[in-house]
Amino acid sequence: MKFSMLALATTLLTASASPATRLVQIKDKKFQDASGADLVMKGPNIVMKGPPYLPAVAGDAPCDDSLGVDPLTGEKGTCSTFNQADVDNIKAQGWNMIRLGVVWAGAQPTDGDSLDAAFLERLHAILDLADANGLYVILDNHGDMVSSAGCGNGLPMWFAQEAAPDLIGKPITTGLPYSLVSSINVKNVGGYDTEGCGSDGAKWAEHAGDPNYNLLNECCLAMNSPNPAGLGYTKINQKIMDYMVQDGQGRDKFI
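The sequence shown runs -17 to -1, 1 to 238 under mature numbering (1 follows the signal peptide of the UniProt record, and there is no 0).
These are computed hints drawn from the structure, not numbers from a lab. Check before you lean on any hint, since a few could be wrong.
Okay, derived cross-link-like pairs now, BS3-like style, lysine-lysine, Cα gap no bigger than 30 Å in a straight line [unchecked claim]:
hint	residue 1	residue 2
1	LYS153	LYS186
2	LYS170	LYS186
3	LYS218	LYS153
4	LYS153	LYS170
5	LYS10	LYS74
6	LYS25	LYS10
7	LYS153	LYS74
8	LYS74	LYS13
9	LYS218	LYS236
10	LYS12	LYS74
11	LYS153	LYS25
12	LYS222	LYS170
13	LYS218	LYS186
14	LYS186	LYS222
15	LYS74	LYS25
16	LYS236	LYS222
17	LYS12	LYS25
18	LYS25	LYS13
19	LYS170	LYS218
Derived CB-CB ranges, DEER-like [unchecked claim]:
hint	residue 1	residue 2	range
20	ALA185	ALA68	43 to 51 Å
21	ASP176	ALA68	40 to 48 Å
22	ASP43	SER18	28 to 36 Å
23	ASN116	GLU189	20 to 28 Å
24	ILE9	LEU204	36 to 44 Å
No residue lacks a Cβ here, since even glycine has one placed at the ideal position from N, Cα and C.
Using the sequences and the accompanying hints, generate a full structural model.
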C-alpha cells in the first residue's frame, strides 16, 4: 500500500464546502485573513486518542473534561461528542478556532489505499459544523510518543509491525545512547514496574498486535497517561521512527 499523507491533508482541507471564503495565509511568520489583516487564532484542543479517534457530531450538551464524564453516554472518560453546544461555548469564550487531532491510526487502521469511511464521515461532520459557525480549524496530524505498539499514540499498529516485527509485544527497553540519560530511560518512567511489568514478557505480550495495544495492555496503561518522554526514546519507537523517516518503503507510505 502507498498512501500519501499529503493527499490525506488535502482531502481533509477540502472535505467540506465553505459558504464563505476564509482564506488564511502566512506572511512574515504571522497568520493573515483574506483581507491581509493579522489573524490571531485561539481555541481548545479537540483530540481523541483512541477509537473512533474523532468525536461524533451528536447530542446537545457541551463537553466538560473537568467532570471526566461523557455528556452523551454519562460514562467516565473523554467526551465522545462535539456539537452545537460545544461551538456556542467556544465562541462565548471569545475563541475562533479548534485544534482538531487527526490521528493516522484512526484515519487508516488497516494497510490499504483508502481512508476509513467512518472516520471520514465524522471528520466531514466536524468540519461542516465548524464552517457553518465561522470557526477556523487547525488540522493536527496528532501523535504522542510515536505508536500504539510502543505504548504511545499516533502511528497505526500495522505500520509498527512492518517497522519492528521482532519488538511487537516484547518488554519495552531503551537502547544506547538514550539509556545513558536517566530522565528518558524507560526504566525510570513512572509506572514501569507498577504492575510488575519491567522485564515480565508475559505481561507485555498481552494484546500484542492489537491496534489498541496502548489502551489495553496493563503495562502501557501504567505509564502512558502523562505522555512521558521516555516512551519516545525506546528501542521500538526509535525503530518505527527510523522506518518512517528514512528513505524506503516506510517513508513512502508515510509521505
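Given the proposed pairing of LYS10 with LYS74, does the C-alpha separation stay at or below 30 Å?
holds (26 Å)
Pair hint LYS218 and LYS153, alpha-carbon separation not exceeding 30 Å:
holds (11 Å)
Between LYS170 and LYS186, is the straight-line Cα distance small enough, at 30 Å or below?
Satisfied, since the Cα-Cα distance of roughly 16 Å is no more than 30 Å.
Quick check: does the Cβ-Cβ distance between ASN116 and GLU189 fall within 20 to 28 Å?
violated (44 Å)
LYS170 and LYS218: Cα distance at most 30 Å?
holds (12 Å)
What's the verdict on LYS12 and LYS25, does the C-alpha distance respect the 30 Å limit or exceed it?
Roughly 16 Å between the alpha carbons, so the hint for LYS12 and LYS25 holds.
Holds or violated: LYS74 with LYS13, Cα cutoff 30 Å?
holds (22 Å)
For the pair we were handed, LYS74 and LYS25, check the Cα-Cα distance against 30 Å.
Distance of about 10 Å is within 30 Å: holds.
Is the hinted pair LYS153 and LYS74 satisfied, with a Cα-Cα distance of at most 30 Å?
violated (47 Å)
For a C-alpha distance cap of 30 Å, please report whether LYS218 and LYS186 respect it.
This hinted pair holds, its Cα atoms lying about 18 Å apart.
Check the hint pairing LYS25 with LYS10 against an upper bound of 30 Å on the C-alpha distance.
Between LYS25 and LYS10 the Cα gap is close to 18 Å, so the pair holds against 30 Å.
Proposed proximity, LYS13 with LYS25 (alpha carbon, max 30 Å):
This hinted pair holds, its Cα atoms lying about 14 Å apart.
Violation of the numbered hints given earlier is confined to hints 7, 11, 23; the remaining hints are satisfied by the structure.
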